[in-house]
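Residue numbers (this note's numbering), protein chains in the order written: chain P, 1 to 510; chain S, 1 to 619.
Please note that a few of the clues may not be correct.
Computed list of lysine to aspartate or glutamate pairs in DMTMM-like fashion (alpha-carbon distance at most 25 Å, straight line) [what the hints assert, rightly or not]:
no.: 1; chain 1: P; residue 1: K372; chain 2: S; residue 2: D356
no.: 2; chain 1: S; residue 1: K159; chain 2: P; residue 2: D199
no.: 3; chain 1: P; residue 1: K363; chain 2: S; residue 2: D571
no.: 4; chain 1: P; residue 1: K486; chain 2: S; residue 2: D65
no.: 5; chain 1: S; residue 1: K159; chain 2: P; residue 2: D496
no.: 6; chain 1: P; residue 1: K446; chain 2: S; residue 2: D109
no.: 7; chain 1: P; residue 1: K372; chain 2: S; residue 2: E110
no.: 8; chain 1: P; residue 1: K372; chain 2: S; residue 2: D109
no.: 9; chain 1: S; residue 1: K371; chain 2: S; residue 2: D357
no.: 10; chain 1: S; residue 1: K201; chain 2: S; residue 2: D56
no.: 11; chain 1: P; residue 1: K446; chain 2: S; residue 2: E55
no.: 12; chain 1: S; residue 1: K212; chain 2: S; residue 2: D197
no.: 13; chain 1: S; residue 1: K371; chain 2: S; residue 2: D299
no.: 14; chain 1: P; residue 1: K105; chain 2: P; residue 2: D303
no.: 15; chain 1: S; residue 1: K471; chain 2: S; residue 2: E55
no.: 16; chain 1: P; residue 1: K479; chain 2: P; residue 2: E61
no.: 17; chain 1: S; residue 1: K205; chain 2: P; residue 2: D496
no.: 18; chain 1: S; residue 1: K201; chain 2: S; residue 2: D65
no.: 19; chain 1: S; residue 1: K371; chain 2: S; residue 2: D298
no.: 20; chain 1: S; residue 1: K568; chain 2: P; residue 2: D303
no.: 21; chain 1: S; residue 1: K159; chain 2: P; residue 2: D366
no.: 22; chain 1: P; residue 1: K372; chain 2: P; residue 2: D303
no.: 23; chain 1: S; residue 1: K159; chain 2: P; residue 2: E192
no.: 24; chain 1: S; residue 1: K201; chain 2: P; residue 2: E451
no.: 25; chain 1: P; residue 1: K490; chain 2: P; residue 2: D199
no.: 26; chain 1: P; residue 1: K22; chain 2: P; residue 2: E142
no.: 27; chain 1: P; residue 1: K454; chain 2: S; residue 2: E110
no.: 28; chain 1: S; residue 1: K159; chain 2: S; residue 2: E440
no.: 29; chain 1: S; residue 1: K159; chain 2: P; residue 2: D303
no.: 30; chain 1: P; residue 1: K446; chain 2: P; residue 2: D366
no.: 31; chain 1: P; residue 1: K486; chain 2: P; residue 2: D199
no.: 32; chain 1: P; residue 1: K479; chain 2: S; residue 2: D65
no.: 33; chain 1: S; residue 1: K159; chain 2: P; residue 2: E443
Hint data in this document are derived by calculation from the structure and do not stem from the laboratory.
Note that the structure is a prediction, hence the values are computed from the model and not measured.
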Amino acid sequence: MQLTTLMAIPLIGAVAILVLPKAKETLIKQVALVVSIITAADAVRLLVGLDTNNGGIQLAEKHSWIPSFGISWSLGMDGIAGLLIAMATILVPLIIIAGWFDAEKSERGSVKEFFTLILLLEVCMIGVFAATDLFLFYVFFEVMLVPVYFLIGRFGGAQRSYAAMKFLLYSLVGGLFMLASLIGVFIASIHELGHGTFDFTALTGLHMDAGTQKVLFLGFFFAFAVKAPMVPFHTWLPDAAAEATPGTSALLVGVLDKVGTFGMIRYLLPIFPDASHYYAPFIIVLACISIFYGALLAIGQTDMMRLVAFSSVSHFGFIVLGIFVFTSQGLSGSSFYMVNHGFSTGALFLVVGYLASRRGSKKISDFGGVNKVAPVMAGVFLISGLSSLALPGMSSFVSEFLVLIGTFSQNRWAANIATVGIVLAAFYILWLYQRTMTGEPSEEVKSTVTEINKRELVAVVPALALIVALGVFPQAALKIINPAVKQVQKYVSVVDPAPAVGAATQGNGS
Amino acid sequence: MTAALIGLPLFGATVLLLGGRRTNAWGHLFAVAMSASAFFVGVATFVSMLGRSSEDRAVHQHLFDWIAVGSFHVPFDLQVDQLSIAFVLLITGVGTLIHIYSIGYMSHDENRRKFFAYLNLFVAAMLLLVLANNYFLLYVGWEGVGLASYLLISFWQHKPSAAVAGKKAFVVNRVGDVGLSLAVMLMFVTFGTVTFDGVAKEASKGDSTSLKLIGFALLLAACGKSAQFPLQSWLLDAMEGPTPVSALIHAATMVTAGVYLIVRAHAIFDLSETARTAVVVIGAITLLLGAFIGTAKDDIKKGLAGSTMSQIGYMILAAGLGPVGYVFAIFHLLTHGMFKAGLFLGAGSVMHGVNDDVNMRHYGALRTAMKITYVTFGLGFLAIIGIPPFAGFWSKDEIIHAAFGQNIFIGLATLIGAGVTAFYMTRMMAMTFFGEARWEKGVHPHESPLVMTAPMMILAVGSVFGGMALKFLGNIDSWLEPVVGHANPANDVSNTILIPVTLAVVLAGAGYAWVTYGQRPVPVVAPAEVSLLTRAARNDAYGDAINEAVFMRPGLHLTRALVWFDSKGIDGFIAGLAGFIAALSARGRKIQNGYTRSYALTMLGGAALIAFVLFLVRL
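Here chain S stands alone, though its shape is the one from the complex (with noise of 0.2 Å):
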């Protein structure tokens, strides 16, 4: 039963790959079928689970041993829990949701094929990440959904910025897979296994220097998948992939990793307070920068994409909490998971609806031209920034109730982080659909088919009751409590207090930005004299530049550098050595003078140069 749910899709992959152009009349439908069956599974799976006990719902699978060398043993195990079928329903759920959206979306793309079995790939391979049961065979869905999301920001690869940025995601990925790597090998030598169960287990006995480095080695793997400070540079670029693939991969589910990865070792933060506060300090310092960069944006894309790592910089810093935060973590992920998807491929419908133009100076007053999207995002919109009853006030809320309940300073970075997100996306909607028509010329915004559309107001559903379903019918802390265990907050700052404040702060960014940009014209060519930290925003906070001169400029010259030692320096000394023999050579030709006796003397010399030497050795 749980390895159909990976099975699926990935037969649906392979059938699409390797059946090439055969397949390309039926192949997106194909592949939606995949897709949708399951989420079929996924849901009888949850069924059955809520017909159990909360200790019975877990359910194992022993596929076969995959790998046993010496005492490193690792099972190709599947485990469903209440945590990996949270994941399963988001991850199918949604995916199904956006492989229908991009029927529509994707309908005139010669490719397309190709795209719903890169699609059907990174279900499967996001599916395997959460039902693996040892963090090695995580590994293998960790950078399998690595490879779908370099496959597909680079799908459009006859653009070289497109190629460039899927090899980036790919690689700053890898920075860090260095950390995962790092992560198994650490449980391995300390623990002796790398199964969740057995590292749950053991933790207890574990030193605290290990705990401490196999929390942050941990934490550098999620800021690689999860776009946390410092390797966040990659979503940014990732927005070059198709809008569907920004709403599933680098919003909903993929970029989420990072959460559930910290979230399943919860048993080595519960043991090590400094990883706990590293892993609260990055989600800080990136739910701040997110924000900060999403204000500045005039890509509706790089907007949203700015808005995501600031949300899973909230994720990350309740997961950061301890079992204060853990549920909370998952539950933001989660309602983050709808209305974020709903949010892009509002998005992407508007792109759809004006020539592909990301450019939110030429937009304006969409609202009248595009009915449904207008709503669906605008629903997405108050989900986002917090507005009771929808769906991320109650998530976020928790958050920041945590926070405070931890450290004044690390709740007050949450309450900021709310009055800027309520910012940039006031902006974003203010910018979009309301003020006068900015529309280049021969652009005529028009409505997307049913097929974009149905999807959208699904999501738009969620993002309107996902947060109370998840609440009050799903119970998600105590849904999720067997799993990662729950805590509150030592010491609880009153809701009555917080909630009123945190919507103040909420009505104040949106207010302001309400005002820039809702009730004055907005500029066609952004303006150039702005501010620096204007400045630094539209460029990413300068992470680019960073990278750019710490890394890429002193790498290229170092290996410019070696490439010339390794032809002038190691080769041109072995050539010289060979020269200076050919010389030596050409006097020595001197000494085989064709007599017996110099021969057997040189012979005898030799033998007498090997027999001292063997006796020098032996003393």
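The shape of chain P in the complex, shown without the other chains (with noise of 0.2 Å):
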């Protein structure tokens, strides 16, 4: 029950939230921000608890719900969908401290609208990454929609309608194309069982012949890289980005896309092995070019959030690479990325945010000389920069580097090209460092850019000083993420390539 408890607590929140008179504006807040402290204390505990030499799914609860389909409330968790929720759970309160008065922007959604929607995303959030039963994970996929459209359509910039729309569609459609997959996962089992299930164990020990396979996982892939998202499924993200308040943002590229890369993980290449591998070199050539191509047109915006966004295409490139070569470096480091990538993409949407909301444009050439003015501002944008760009120390670097080198062991060429990708994300950050932080301020930026203030602070610094934290000590990660990547591995029975000439033990010099 400790996962159902997990998600009642947001949605107790936002239950609460609702019965509360509108005008209330604090307390609502303080109410959002409280429930969202508890449900992160809550979703840490349970990452701790966890047995590092499990690899299965741990907590794991069970309760019928359509018995006649096989569908059951099943939840559980193994390592890389907790550190997932953890950061989900962490990034929301983050989220909450700094869009306290972007409700108040909005001319057409209230308060107490905002806050509810954030909490019932937080509940859709967790249940996403803890459903173990296929169908579940497919509702929570679903109603997430829901409150990310509200959140977008009703509190969004100029072109927030059409954003909104076209975000919802894509998705759906997505959606829709795994719904017909996992029509024909059901008839497979019941073929194979007898009886129709959609639970995850059971799923992963069907011996569906390749075909098949290979026509059930373009379903699922589909839906997963129009979220993730890879090239050329992805233009619904940067207009989505530029529109959303930079907390939904934020929770929208840190967390909800990460479910099309965890998809891969969790249910890709468990369920179709056969096919996970046919289509490898297919998807392998799509990250690369996703690599590339998010890097390149990052360089080319001329709207900080969309380069932000933009950046995170070439960022997801990288986490596909790690999954679809199948080594433990490349899927431990693709999992460690997903969760470096929501603190430190979260961290640069919302101190864009704060610029963007000061100066009133999102233009980068609107800018410039703000290290002047606000050299907190510039040091913490330099930061959050820094560790997209994966800088070494930082965690983003551990996850990235190990992404690269574990596709070397098995893909030199796609390696080589990865590794080309980091000379671009260097490019971009800073030279949008230096069009909006160096030279001299002009007029308008002095008069409205003022420095970082402490709420706003308080927002970032957790991410980043996690970032940093993780980046020295990331083996206390890596050590909760591993043995799930095993059991992955075993699925797709893939065990590491062994060097070229055998050192059995490591020589680590002490």
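Need the complex rebuilt from these two chains, each delivered in its own frame; the hints are there to steer you.
This is how it looks when you write it as structure tokens:
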């Protein structure tokens, strides 16, 4: 019941806010913040309690829901899901703090609505990662769209309706393909087991023939690739991220998009191992394209939010790459990457949001010289940027390098190509910094861009501190991820390639 | 003990950066204290090493397991051996002197605290670079110094030129980092380990292709960090940073990290002649290119930057000679660290005296106005051009000697380089300290305060005695031999011929410069009518123009084209699709006729289709 309880906390919070009078805006915010902090604390407690010798699903619970279709309310988590849930729930209070006054600015939505939606979204985020029933996963996958749709559509910028609709349509279309495949899997389970099931563990035991796998794989992959987002299914993201409030963008890119890559690790590889092997070369090519395409497009952007969004397209290329090389370093690196990217992109969106709300513009050319008027803001911006370009010493470096080295041992060319991506990342981040923060400030910048305040600082510092802490002690997260990854490798029947000259023991020099 | 070396300056940087304005009053002193403490820890470590036999000198310290995924294990371990300690003493010793100098140099800067925080950060990162016991942890220090370099080059970031230069340095270094990344990956897949000891132990089992590729990848990394051809262009721009930064990072320590990397990975290079040859060629090209650029610069710092490129070219070349050259690469690195830092601090002192003007055509006759600077700079000058018994003579002569032992052309390159070095340095001396005064209006050159001149004097002592001390007192070759190995060149060219020849070349270069710039008046405005060669040298041999034409401009066009493609191509296609579907559904609305029987028929059709597809794929 622990995971159901975890989901119940923000749900109760959302209900509590619903019954509060609309005018008590401060109280609503305080309730939301306290509830989200309790949720985060509980999620971390569950994460710490995981057995790191067990790569399977832990904290499992199962309650029958629609028995005739073999659907149950099944929750549980392995290390990967646990870390993602922890990351998501830690981000939520930070986003609430950062977006404390975002709802008031909207002419359509109310404070009450905003914070209810955020907490409801949090329920879905936990659910989608914790579900161990494929149908339940699908339900959360789709239901999650609703709060996000309203968060963008009612609280976003000028083009919010267009962006929200585009986001919704993309996700729905992807979801429909997944639904079709879902039914196919269900039928396959009837064929083999005699009774249909959506239970994750039971589905991993199916022996679908390669042809069936190849067809059903595509439906899931399409849904996940839209979500992740991979080129060429990415064009919804820059619009959505640019129009949403910074906090929503942070959750959208930092957490929701991870559902795509998480789905690949959790469902594609274990349920469709043969198809995964079959499609891996194509997906690796697509991932390499995403890395470059996203980075080049980021360089070409004139809007800060869109730049961050495109940088994420590039980052997701790395994550997908690491998954489909099937090595332990690749898979662990990708899993860790998802967590780090949540914090680093989250922080970056928030800081860009601070700047945009002051200046009333997200255009890069409207800035310049910020370092002179708001040095701490510039510093926080730089640190967020450095974590995005994977500076050694930060956690993003560890995960990015693990992906690269995991790729290298399996597919040298892909690794060589992807490695060049690190140059582009340095360029788009530092060029952004140069154009916005350095030089002499214009009169407009001087009169509008004030120094970062305490509340804003409190919202980003924890994320940045975690990035540094996990950069120095990545093993704290990796030791939770590794057993789960080993389990995934078992599903796809892959063992890591051995070194060319057998160095059985590691000289650790001590 | 070893961890404290890194911990002290890291603590300093953290306190100053997080402490903010509260630490403004004493921040610089705190930073100096942290750097100095690290130096004393370094000296203590060194002394304790002296007390042990050469096999037991290395000290390892296990801190924790940094990364362990599958068979990829990276410990967070430090090691001090004979090679690392040489760097530790150089970094903390010269580093502390430059910290002290900066108290005076940056005294009027409103962000002085930040400057010292970054200096401390640099020292910490550089120490991590040389104390790591594996290539991947080295990487952290490697990019850490890159970060510090970025922050310090663009320290005056309100100046667009400084901001651009900082970014350029970081991005070009990232190109080098691709090499380091690939090297680490290759080592892992080849040997299953990335520790120095592990790789050295397994290296002989590696196939020649892997060894060659690892060597190339490491060389690429070294080219980025050490501003070697073809990644040299950032170093000249890096002179936008405050002069103490140029002295510490872009002359004495960071830019020599590439030499460290190659020497540290000697086990790889020992076994791959192809890789060694590539290193030698790059070193030879850069040593000539840098010297060539140095001959035409009027900006005193850029002249010295060209010189740094060139001198590091010597070191890289020596490292590429293999066991014949490793120890001399490090020897020259150490002497260069002293005299080049001294020269840069001297340049800073001159700039301090002439309102931060860097144009040597506005100098002249400063020997009277700035006596201490003149003498200390002059001693550095004698050291760099290789006049016996000054520091550079001993180390450079060894490299020339080893190079001739290897190959006559390589030897000639080092010899010509020595002559050109003498030319551009004499030109610099003459234009700055001799001739008639060409000072701008309102400039009243004056000597710098003691806090600046004292470090210069100490470094000048190094310029005079550093070479002899390392050679005769320190026995640098036998000191380093247990770590990097040492061999004599195959065909020994007698030094009794080589030294006089070298000296003759040096004196010829110096004499030509003296006649041209010391005896004749120097035009205040650089003459426009100059030879193609001079023009090329003034433009850094068109390195930037080539980068611009090959990477930046096509890259910009590509980016623009992709942005267009993304919105008009991909997004346009999907918008078109949406429009098509909208039109289709307008027609499809007619199917929604409300008759249950037709819906049932549609459902049946759909189910049949799914069943059919499943049937098909099962075949």
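Outcome of the hint check:
For the hint linking P/K372 to S/D356, the alpha-carbon distance of about 22 Å falls within 25 Å, and the restraint holds. Between S/K159 and P/D199, the direct Cα distance comes to roughly 62 Å. Violation of the 25 Å bound is thereby established for this hinted pair. A distance of roughly 21 Å separates the Cα atoms of P/K363 and S/D571; the hinted pair therefore holds under the 25 Å criterion. In summary, the hint linking P/K486 to S/D65 is supported, as the alpha carbons are separated by about 20 Å, within the 25 Å threshold.
Annotation: proposed proximity of S/K159 to P/D496 is violated, straight-line Cα distance about 51 Å (limit 25 Å). At roughly 21 Å between alpha-carbon atoms, P/K446 and S/D109 fall within 25 Å of each other, so this suggested pair holds. The hinted pair formed by P/K372 and S/E110 meets the criterion: a straight-line CA distance of about 11 Å does not exceed 25 Å. Annotation: proposed proximity of P/K372 to S/D109 holds, straight-line Cα distance about 14 Å (limit 25 Å).
Proposed proximity of S/K371 and S/D357 is supported: the alpha carbons are some 19 Å apart, at most 25 Å. With a C-alpha separation of about 18 Å, the suggested pair S/K201 and S/D56 falls inside the 25 Å cut-off, and the hint holds. Between the alpha carbons of P/K446 and S/E55 the distance comes to roughly 62 Å, so the proposed pair goes past 25 Å and is violated. A C-alpha spacing of about 19 Å is found between S/K212 and S/D197, which places the hinted pair at or below 25 Å, so the restraint holds.
Restraint check for S/K371 and S/D299: satisfied, since their Cα atoms lie roughly 21 Å apart, inside the 25 Å limit. Simply put, P/K105 and P/D303 have alpha-carbon atoms about 21 Å apart, close enough for the 25 Å limit, and the pair holds. With a C-alpha separation of about 21 Å, the suggested pair S/K471 and S/E55 falls inside the 25 Å cut-off, and the hint holds. Of the supplied pair hints, the one linking P/K479 and P/E61 holds, its CA atoms being roughly 24 Å apart against a limit of 25 Å.
For the hint pairing S/K205 with P/D496, the CA-to-CA distance comes to about 21 Å; that is within 25 Å, so the pair holds. Restraint check for S/K201 and S/D65: the C-alpha separation of about 21 Å stays at or below 25 Å, so the hint holds. Distance hint between S/K371 and S/D298 is fulfilled; the C-alpha atoms sit about 22 Å from each other, no more than 25 Å. Proposed proximity of S/K568 and P/D303 is supported: the alpha carbons are some 18 Å apart, at most 25 Å.
With a CA separation close to 18 Å, the supplied pair S/K159 and P/D366 stays within the 25 Å bound. Pair hint P/K372 plus P/D303 holds up; C-alpha atoms about 21 Å apart against a cutoff of 25 Å. With a CA separation close to 71 Å, the supplied pair S/K159 and P/E192 exceeds the 25 Å bound. With a C-alpha separation of about 54 Å, the suggested pairing of S/K201 with P/E451 is violated against the 25 Å cut-off.
For the hint pairing P/K490 with P/D199, the CA-to-CA distance comes to about 18 Å; that is within 25 Å, so the pair holds. For the hint linking P/K22 to P/E142, the alpha-carbon distance of about 28 Å lies beyond 25 Å, and the restraint is violated. Using a Cα cut-off of 25 Å, the hinted pair P/K454 and S/E110 holds, with the two alpha carbons roughly 24 Å apart. Taking the CA atoms of S/K159 and S/E440, the gap is about 23 Å. The hint holds against a cut of 25 Å.
Restraint check for S/K159 and P/D303: the C-alpha separation of about 23 Å stays at or below 25 Å, so the hint holds. Our distance criterion of 25 Å between C-alpha atoms is met by P/K446 and P/D366, whose separation comes to about 12 Å. Of the pairs offered as hints, the one joining P/K486 and P/D199 holds, with about 20 Å between alpha carbons and a cut-off of 25 Å not exceeded. As the CA atoms of P/K479 and S/D65 are separated by approximately 11 Å, the hinted pair is consistent with the 25 Å bound.
Of the pairs offered as hints, the one joining S/K159 and P/E443 holds, with about 17 Å between alpha carbons and a cut-off of 25 Å not exceeded.
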